[in-house]
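For reference, the chains in residue letters:
There are 2 protein chains.
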Amino acid sequence: MDAKKFSDPLSLRDIKVTDNFWKNEMELVRTKVIPYQWDALNDNVPGAAPSFCMKNYKLAADLNARKRANPSYEQPVWTTSNFNLVPEDINNREERFYGFLFQDTDFTKWVEAVAYSLTQHPDAALEQLADDAIDVVCAAQLDNGYLDTFYIINDQKKIFSNLRDNHELYCFGHLTEGAVAYYEATGKDKLLKTACRFADYIDSHFGPEEGKCKGYPGHEIAEMALVRLYHATGEERYLNLSRFFIDGRGRQPYYFDSEVDHKFTPKPGDAPLRHFYHQAHLPVREQTEAVGHAVRAVYLYSGMADIARLTGDESLLAACETLWDNIVNKKMYITGGIGSTNHGEAFTYAYDLPNDMAYAETCASIGMVFFARRMLQIKPDARYANVMERELFNGVLSGMALDGKSFFYVNPLEVLPEACHKDERKFHVKPVRQKWFGCACCPPNIARLVSSIASYACTEREDTLFVHLYMGCELKKKVGEKEVSIRIVSGFPYDGKVTVAVNTDTPVGMTLALRLPDWATECTINGVTTTKVALCDGTGDTLEGFGNKANISAPDAILTKIAETTGASFASVSDGYLYLTGTWSGNTDINLDFPMTIRIIAANPSVREDIGKVAVTYGPMVYCLEEADNKNNLHLLRLDCAHPDFKIMPDGILGAPSITANGYREEKAEEGAKLYHVYQPVKLTKCQLTFLPYYMWNNRGEGEMTVWVRSM
Amino acid sequence: MDAKKFSDPLSLRDIKVTDNFWKNEMELVRTKVIPYQWDALNDNVPGAAPSFCMKNYKLAADLNARKRANPSYEQPVWTTSNFNLVPEDINNREERFYGFLFQDTDFTKWVEAVAYSLTQHPDAALEQLADDAIDVVCAAQLDNGYLDTFYIINDQKKIFSNLRDNHELYCFGHLTEGAVAYYEATGKDKLLKTACRFADYIDSHFGPEEGKCKGYPGHEIAEMALVRLYHATGEERYLNLSRFFIDGRGRQPYYFDSEVDHKFTPKPGDAPLRHFYHQAHLPVREQTEAVGHAVRAVYLYSGMADIARLTGDESLLAACETLWDNIVNKKMYITGGIGSTNHGEAFTYAYDLPNDMAYAETCASIGMVFFARRMLQIKPDARYANVMERELFNGVLSGMALDGKSFFYVNPLEVLPEACHKDERKFHVKPVRQKWFGCACCPPNIARLVSSIASYACTEREDTLFVHLYMGCELKKKVGEKEVSIRIVSGFPYDGKVTVAVNTDTPVGMTLALRLPDWATECTINGVTTTKVALCDGTGDTLEGFGNKANISAPDAILTKIAETTGASFASVSDGYLYLTGTWSGNTDINLDFPMTIRIIAANPSVREDIGKVAVTYGPMVYCLEEADNKNNLHLLRLDCAHPDFKIMPDGILGAPSITANGYREEKAEEGAKLYHVYQPVKLTKCQLTFLPYYMWNNRGEGEMTVWVRSM
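Note that the protein sequences, when read in sequence, are chains A and B. Count along the first sequence from 1, then add 3; that gives the number in this note's numbering. Count along the second sequence from 1, then add 3; that gives the number in this note's numbering.
In case anyone wonders, no lab produced these hints; they're calculated from the structure. Worth double-checking, as some hints may not be accurate.
Identical copies carry no separate label here, and so any pair may be met within one copy or between two of them.
Stated by the list, open to error - Below, computed lysine to aspartate or glutamate pairings styled on EDC-like, alpha-carbon distance capped at 20 Å:
1) LYS686 / ASP643
2) LYS35 / ASP158
3) LYS196 / ASP126
4) LYS425 / ASP359
5) LYS677 / GLU292
6) LYS479 / GLU525
7) LYS70 / ASP42
8) LYS500 / ASP406
9) LYS382 / ASP5
10) LYS333 / GLU421
11) LYS479 / ASP559
12) LYS677 / GLU324
13) LYS215 / ASP42
14) LYS500 / ASP592
15) LYS425 / GLU292
16) LYS481 / GLU465
17) LYS686 / GLU674
18) LYS333 / GLU427
19) LYS382 / ASP11
20) LYS61 / ASP316
21) LYS677 / ASP138
22) LYS481 / ASP11
Please construct the entire structure, taking both the sequences and the accompanying hints into account.
So this is what it looks like as structure tokens:
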């Protein structure tokens with residue numbers, strides 16, 4: 004592991020997103036999602052199931068106050084492990100915990116999104132709202148530092164008794180992420196201190212020392228949250244605690260088996276699989292296959308990558324790389340979706356990627372973004388950034404409607420609405436986005452990711468700025484005592500023209516590392532065009548870039564020209580990045596052009612569900628067919644792969660460029676036809692196919708959709 | 004409805020199966036299944052979950068005896084609604100009911116199979132075993148006639164309190180089917196009288212009269228069982244009770260909603276679907292779509308057909324025809340399998356026929372055989388017999404291994420063993436047959452169907468014998484006071500040559516109605532060959548015969564020749580049957596030849612799962628590809644439909660003719676290949692495909708299988 008290559012995201016206070024595309028998404032989050040979410044967690048959304056989140060915090064705070072006022076106060080104990088009835092009258096109920104056992108995170112995810120949003124769009128009223136809510140939340144904390152209202156209200160004797168199923172350490176993780184974000188955005192440390200006190204309490208309970216609990220989270224996130232807390236506070240204990248959770252995971256005898264308070268006890272036959280779901284079947288360094296609940300998995304891997312980087316742990320990094328490759332090369336939809344089954348929202352086996360039954364949870368794609376950036380921080384290799392970009396523009400953004408008001412939890416690649424309504428196997432696949440979810444994980448996760456998108460666009464080390472995503476932004480890069488202003492203007496995701504403008508009053512020695520996207524087959528830099536081979540895999544230009552390295556150096560002559568034209572003293576290509584090293588002064592514009600082309604993509608023939616089918620991509624965007632443009636029975640359509648005659652229609656559909664192509668439609672059987680008949684070659688009629696970006700599907704009412712279309 | 008066309012199955016005492024194919028199946032049932040089943044219901048199968056069936060009967064009989072001896076004896080009441088733990092020591096347990104709440108039917112299905120078997124293969128020891136068991140069962144009956152040990156043992160106050168979920172009327176139905184069969188086979192009426200007493204008790208409880216219960220069975224079967232009881236006893240009350248159950252079903256307000264003892268109360272959102280599962284969402288005459296639990300559905304439709312016939316109810320017959328057409332034209336696998344989802348073992352929506360997730364329960368195919376024969380009894384239309392034949396040779400027999408020792412409950416049309424092991428969505432699909440089932444419905448159902456197969460081969464009316472299935476057999480047909488001996492010799496299912504030999508001492512006026520199978524495109528009768536059009540649908544010879552009518556008359560000239568050569572005075576073709584009417588005397592051989600051809604079949608393009616694919620059939624048999632003959636990755640294979648060059652290999656695989664054909668294999672990606680790549684035309688290598696009869700799949704260990712193969 005080469006620590007010299009490590010990089011960190013920029014503080015969101017030092018980078019402002021100005022990008023047309025992302026600014027629009029951020030505004031949706033700021034003006035629609037965050038206010039809606041606030042109403043939701045205060046039970047103020049008419050017609051929606053109440054969250055009870057803030058009510059739970061208030062009740063916990065009340066109980067604390069009562070006990071402080073009267074030490075002999077006997078708090079009632081509730082044996083119900085999870086109580087989630089939707090009440091008739093939420094204000095007139097028994098004093099007890101309501102909602103999912105991780106209901107606290109409705110607030111902590113909200114405050115995290117708020118924090119990021121404040122860095123990009125200051126808003127005193129919103130900040131005051133958050134400050135007031137933080138007061139309530141902090142008051143709910145027990146004197147010993149513990150803070151999970153489910154157990155505070157229900158039965159404090161049961162704290163940490165069921166790590167496998169319940170979510171205390173998950174709640175801690177989200178609290179910590181929110182607290183660090185709020186501290187970094189506003190400088191206010193009240194919530195941060197609360198998170199630290201909770202972390203300290205956990206640290207006093209868990210650890211390698213004799214007598215301490217050897218457990219680890221049932222739903223991972225604390226691992227990466229503790230690393231953020233370590234960054235924010237410098238306290239090594241938090242780093243060590245994260246490592247402890249990671250190191251202990253999956254060792255035998257299984258910690259989870261020692262817990263007695265499980266709601267569901269596995270049957271004997273379940274034994275071989277029983278810890279897969281939690282990625283606790285093997286020590287993490289021995290895990291080679293991504294298994295179990297996909298969100299849990301990628302949250303864990305993200306934490307592992309953090310610890311690998313911060314502790315220089317090669318074996319942990321190797322495990323991360325193996326797991327990354329396993330996902331990207333065996334278990335990922337072309338949209339970046341992961342977790343192909345709704346049973347446990349989980350990974351299945353290699354190449355099992357059903358399109359119409361996909362789970363591909365929005366949160367899992369978001370988790371892959373977390374994982375990707377952490378791998379990039381260790382190794383600036385474009386294969387991580389390529390997947391990150393693919394996730395963002397496809398599997399993540401498909402989770403939110405264009406108006407920011409409705410959401411997909413599940414992101415299928417093929418939808419027949421009738422199946423979603425009538426076939427229980429597909430009830431998890433919603434043919435239209437939903438307003439909100441009782442288990443509200445995806446919308447707030449989109450909110451916090453979109454609001455913090457700038458921290459994924461670039462990372463930096465002392466003298467290098469890595470541009471992973473081409474996103475319009477303005478940033479300050481410190482190099483020693485000096486500061487460089489950098490402004491990026493980008494036409495992404497539909498136009499590959501980018502300008503990186505460097506401005507500095509005094510000459511600064513600095514390297515710019517610019518990603519060469521996997522989907523681009525050439526690139527023009529200030530008028531100098533690279534050869535194709537410079538930008539793609541060693542196997543030539545026919546490979547789609549999912550996780551492909553772009554590790555071939557451009558010919559020296561071209562690199563020399565690139566250096567000349569950009570004013571750099573040295574240019575090189577490594578792992579899919581163009582490195583421009585030099586001493587920068589005054590204004591330097593670097594104009595990049597990555598021509599976007601329409602590509603027909605096929606899946607590995609081991610993917611049974613995609614056999615005989617192709618998908619269409621344009622730049623980083625995966626496209627799809629919708630009933631609105633192509634009539635129903637999309638399965639009867641075929642793309643003429645030999646003569647597609649693709650045309651881009653700028654502003655074709657919902658403001659995005661659509662793509663037309665030559666296709667054929669197979670004839671339907673006549674009404675009343677039998678189910679089976681003697682084979683005859685099918686009758687095909689020429690037709691035009693119209694594709695739109697996948698993430699925009701289902702913004703025009705219910706209808707069929709497919710990413711994969713039959714080829715001919 | 005034309006009552007002159009009605010027919011009835013022959014008594015099994017008047018028809019003996021001599022057929023090579025079916026005799027073998029019957030011997031498997033007689034020598035393997037029936038003894039195994041007896042051991043199972045007496046908990047004598049080492050390693051298998053005990054049935055407790057006979058123990059429950061004995062305990063119920065004991066409780067009855069105690070109460071008779073001591074009228075103040077207070078029987079303990081058990082509130083557990085279903086208790087199915089597998090005990091460590093089954094002989095040393097609390098005195099209570101064990102097993103599924105329909106555990107009584109383990110015996111009643113067994114005794115039914117035994118009864119049929121005794122007609123074909125007398126066996127005094129087996130009969131004695133059954134007699135002794137019947138004594139135990141009859142002793143369990145309450146004095147009032149009630150007989151379901153679940154309620155007798157648990158809580159007699161709860162009798163008939165939960166018709167929807169519990170299975171009292173289902174248990175009654177199987178008791179009655181078993182009792183009638185045993186009476187008809189042996190002339191012994193002890194069990195029949197017990198069934199009658201139970202029927203009388205039910206009749207006293209349910210009915211249109213004021214104060215009587217207006218309920219109906221949650222799991223249908225009593226409807227057709229009561230009709231058999233009516234046939235056996237002549238008691239019209241039983242016919243009326245069956246009609247009462249059918250007429251009341253699905254009327255509003257829903258009877259099931261008035262029951263309070265349901266284990267699962269539907270949530271408000273479930274309302275529109277909540278009675279689909281039980282086919283109780285609409286009055287039966289208004290039902291136009293087959294819905295819900297497939298076995299329940301076809302058992303109901305069978306009962307409806309019985310009542311339609313016996314009461315001349317045209318509206319009920321119309322409902323049966325509509326439901327039949329809905330299944331056959333919209334919801335049936337090419338193998339005859341029905342019920343395409345494991346969720347509720349149920350029908351889904353039209354054209355939803357996933358091959359790898361099929362449920363296609365063996366019992367549901369058996370139920371379709373019941374339904375088909377009852378429709379045939381009303382209307383001798385070959386489309387019913389064609390489906391019946393297809394079911395038997397494919398979807399039914401696939402349920403049992405060639406050695407009679409293991410069974411499929413679920414009959415998929417495509418299997419990837421890895422998916423069955425690793426993907427919870429497919430856990431219901433077993434890649435190998437199982438020894439027995441805790442819920443033992445399919446194996447005993449195969450046993451009773453196979454043992455009584457002769458009652459599906461032929462039906463008769465006064466002066467006509469219908470031959471629906473060409474099966475080697477010897478039968479006596481009474482025409483008035485006279486008796487005709489008929490012997491059928493058949494090469495089915497792999498050879499279409501059949502001889503129907505009629506022998507009578509005195510001249511007898513009689514009609515023979517011989518089915519013209521849908522899969523045959525011509526037929527030679529005593530040397531006279533029909534034209535193709537005579538045997539198929541009006542649309543020509545390109546339609547596969549699933550439910551297709553074969554209702555075009557042969558040209559008069561040919562019919563005249565056929566009459567001449569067979570010695571009949573008149574020949575005609577109607578609804579897919581060749582009618583030979585004449586006065587028969589001495590010996591007459593009618594030699595039929597239905598040349599079997601290999602056909603490539605395609606599905607209606609609305610079946611998304613079969614698009615671009617074809618299946619191969621030979622005569623009545625659906626064929627499939629297995630890994631054992633074609634290597635793995637069957638999805639990479641394609642059949643050269645333009646030049647298949649089919650060859651039949653007699654005794655090719657496991658003693659059955661296999662079929663070879665020209666095919667292509669798509670190249671696998673190289674090891675380590677990425678998931679996605681830029682499309683290039685696929686590379687195909689010529690190969691030979693080897694097909695074997697579907698019902699024989701998985702008799703050579705675990706491996707991939709598919710019925711549908713990609714076409715090119």
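For this structure, which hints from the list above don't hold up?
As far as the earlier hints go, 2, 3, 6, 7, 8, 11, 13, 20 and 21 are violated by this structure, in ascending order.
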